[in-house]
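Take these sequences, add in the hints, and give me the full structure.
Just so you know, the sequences run in chain order A and B.
Mapped onto full-length UniProt numbering, the consecutive letters of the first sequence carry residue numbers 1 to 334.
Mapped onto full-length UniProt numbering, the consecutive letters of the second sequence carry residue numbers 1 to 334.
It cannot be assumed that every hint is accurate.
Heads up, the list lumps identical chains together, so a pair's fine if it works in one copy or across two of them.
[What the hints assert, rightly or not] Below 20 angstroms or equal to it, Euclidean Cα-Cα: the simulated DMTMM-like pairs (lysine to aspartate or glutamate) are:
{"#": "1", "residue 1": "Lys79", "residue 2": "Asp36"}
{"#": "2", "residue 1": "Lys60", "residue 2": "Glu105"}
{"#": "3", "residue 1": "Lys60", "residue 2": "Glu97"}
{"#": "4", "residue 1": "Lys79", "residue 2": "Glu157"}
{"#": "5", "residue 1": "Lys79", "residue 2": "Asp159"}
{"#": "6", "residue 1": "Lys83", "residue 2": "Asp129"}
{"#": "7", "residue 1": "Lys166", "residue 2": "Asp36"}
In short, the hints are calculated from the structure, not lab data.
This is what each chain is made of:
Protein chains: 2
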Amino acid sequence: MLKFDEQKQINDIQGALALRPQVEKMVDELYDKGFDNIYYLGIGGTYASSMQAVTYINGKSNLPVYVQHAAEYYTTGNKRLTKDSLVVISSVTGTTEEVITAVDEIKKVGATIFGFIDEKDSPLAKKCDYVITYPEPGTEQLKFFMFADRLMKNNGEFDDYEDYYKELDEHLAKDLVEAEKQADEFGLAFAQAHRHDAMHYFVGAGNQWGATYSYAMCYWEEQSWLRSKSIHSAEFLHGTLEIVDETTPVTVFIGEDEQRPLSQRVADLLPRICGDYTFIDTKEYELPGISEKYRGRIPTVLLMHCVTQRIDAHVEKLNRHPMDIRRYYRQFDY
Amino acid sequence: MLKFDEQKQINDIQGALALRPQVEKMVDELYDKGFDNIYYLGIGGTYASSMQAVTYINGKSNLPVYVQHAAEYYTTGNKRLTKDSLVVISSVTGTTEEVITAVDEIKKVGATIFGFIDEKDSPLAKKCDYVITYPEPGTEQLKFFMFADRLMKNNGEFDDYEDYYKELDEHLAKDLVEAEKQADEFGLAFAQAHRHDAMHYFVGAGNQWGATYSYAMCYWEEQSWLRSKSIHSAEFLHGTLEIVDETTPVTVFIGEDEQRPLSQRVADLLPRICGDYTFIDTKEYELPGISEKYRGRIPTVLLMHCVTQRIDAHVEKLNRHPMDIRRYYRQFDY
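Dropping the structure here:
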């Protein structure tokens, strides 16, 4: 299978899950210390992952957890981000300039900064009060959700925590590679059909909204140089639907959290107005050993990424466009 | 001038400003009563206006004010929206189904609902604890900002409140129609150049981000049936920029609040990578009688709408596409 190293992918997920004792120790300490508000802070892909984590928490928890956009922070500010706040960041390189600028401002305020930074000697890693280093990109969402889950456990909102992670430790990594194998045929067919789309619309909601947003922007636009637009399922019905006709390519990411009905509503409408729709429904994939009640947490979030990863691998090959080249990003100063 | 009734537009703004004594009385009462959190709740266009108001407040105030998406509320919920919370809504028809569903859920929680509802006998008007009726659409942002300003004044964060509104009462309405006249030539040229664009990118930040989002979705997509994508200025540099080349139509909304530098950065980059860019910079328009320090509040928000309104009027005529027709929205059940 193209661009697929089964054992490495299993190791990556298992390795991220193995960070849990570290995460727990730090989160427990932070929870005991107390906080007024918690901010997942990011830009671009990390902003998307932050939206996923915060939507996930909002559906289950009373904790005051918010998304804070890095560049909005150092321009507009946020007076409710105080010395007693907890800020959670993630970075692969540890050098994203907007995040560095925001973190420098936050350090003046005195908030506590917790980072999942893949590069341990990077500028961002050095600025964090708490840092966990795990040099395998692609596990950011899992790490953000592990952080969230431990917070919710401490907050008395996740009684099944141990049982849940037992299932993840035992089954998740293997289940995801199996799902990815199952998705390969779909990925190829989708890539063949859509790799020259003038524009492709991606629609999603809930903890899949951040995935939808980042898939359109960080994968299609940034890595494959293909034009795409993401739109939240609920918002799709308040404007974007009017430009849809027989020939408009629209893909709906259908997950399994509380907002599934919003995406399902779009999926029910599309066949009546669109002749080029695709539904990626996580329900079509088994995750043996993972209880039904846990699927809507991190498992189906990661599952969606496994499916889209198959599209990307085939687009990259068919379009002869290496995903790691950039036209402009970090190529010159701007 | 096409689709331009100068006196009516002046009357509409002046009439909205004249709601201030009502707004003040209600906000003062609500402020004295106290609240834990305030939520601007909306969907589609009202979600966009909510984002504008909340970004505006965040830059200036310590008040716990948040955006709450209506459909996310009745699916995911929000445990920090309590009986002590204040929810602010706006609606032209008073019949938006997602907002009705959300408000019905919120009423069970017992939060206080304040509505600017244009239709006084509508379902939403009847559900509000406080309602202000003013049957002139197009003043929603002004009303949201008036509400915000009074809150901030009560919170000790707007000492110049009386001076500011004196300037608005005396000059804003007239200044806006003058700006709109100034923008007409630009609007025609822009419409001629872009009315057949296969896709148009709109970029903006700060209290112009909601305007950018709604302009792309509620005007181009919904009313003109033209394809467009909105992207926040800070996010544009983290993905979307890679699909820009000589022929990509990109328009940047440049306002005058704290996030102006984020849009300016995009405007500085675009000439180097794009051959079809447009900047709509509110600084190019005078607003006589409005102090420099007040321009970044509501004046330039409304000014941007006056400029884009000139584009829409010409697109409507040239494209022979009446802006009030809908293909799907409210045409059948879905």
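Cross-check of the supplied hints:
| no. | hint | result |
| --- | --- | --- |
| 1 | Lys79 - Asp36 | both (12 angstroms within a copy, 16 angstroms between copies) |
| 2 | Lys60 - Glu105 | between (31 angstroms within a copy, 17 angstroms between copies) |
| 3 | Lys60 - Glu97 | neither (33 angstroms within a copy, 25 angstroms between copies) |
| 4 | Lys79 - Glu157 | between (28 angstroms within a copy, 12 angstroms between copies) |
| 5 | Lys79 - Asp159 | between (34 angstroms within a copy, 18 angstroms between copies) |
| 6 | Lys83 - Asp129 | within (13 angstroms within a copy, 37 angstroms between copies) |
| 7 | Lys166 - Asp36 | neither (31 angstroms within a copy, 38 angstroms between copies) |
Hint compliance for this structure: hints 3, 7 are not met, and every other hint is.
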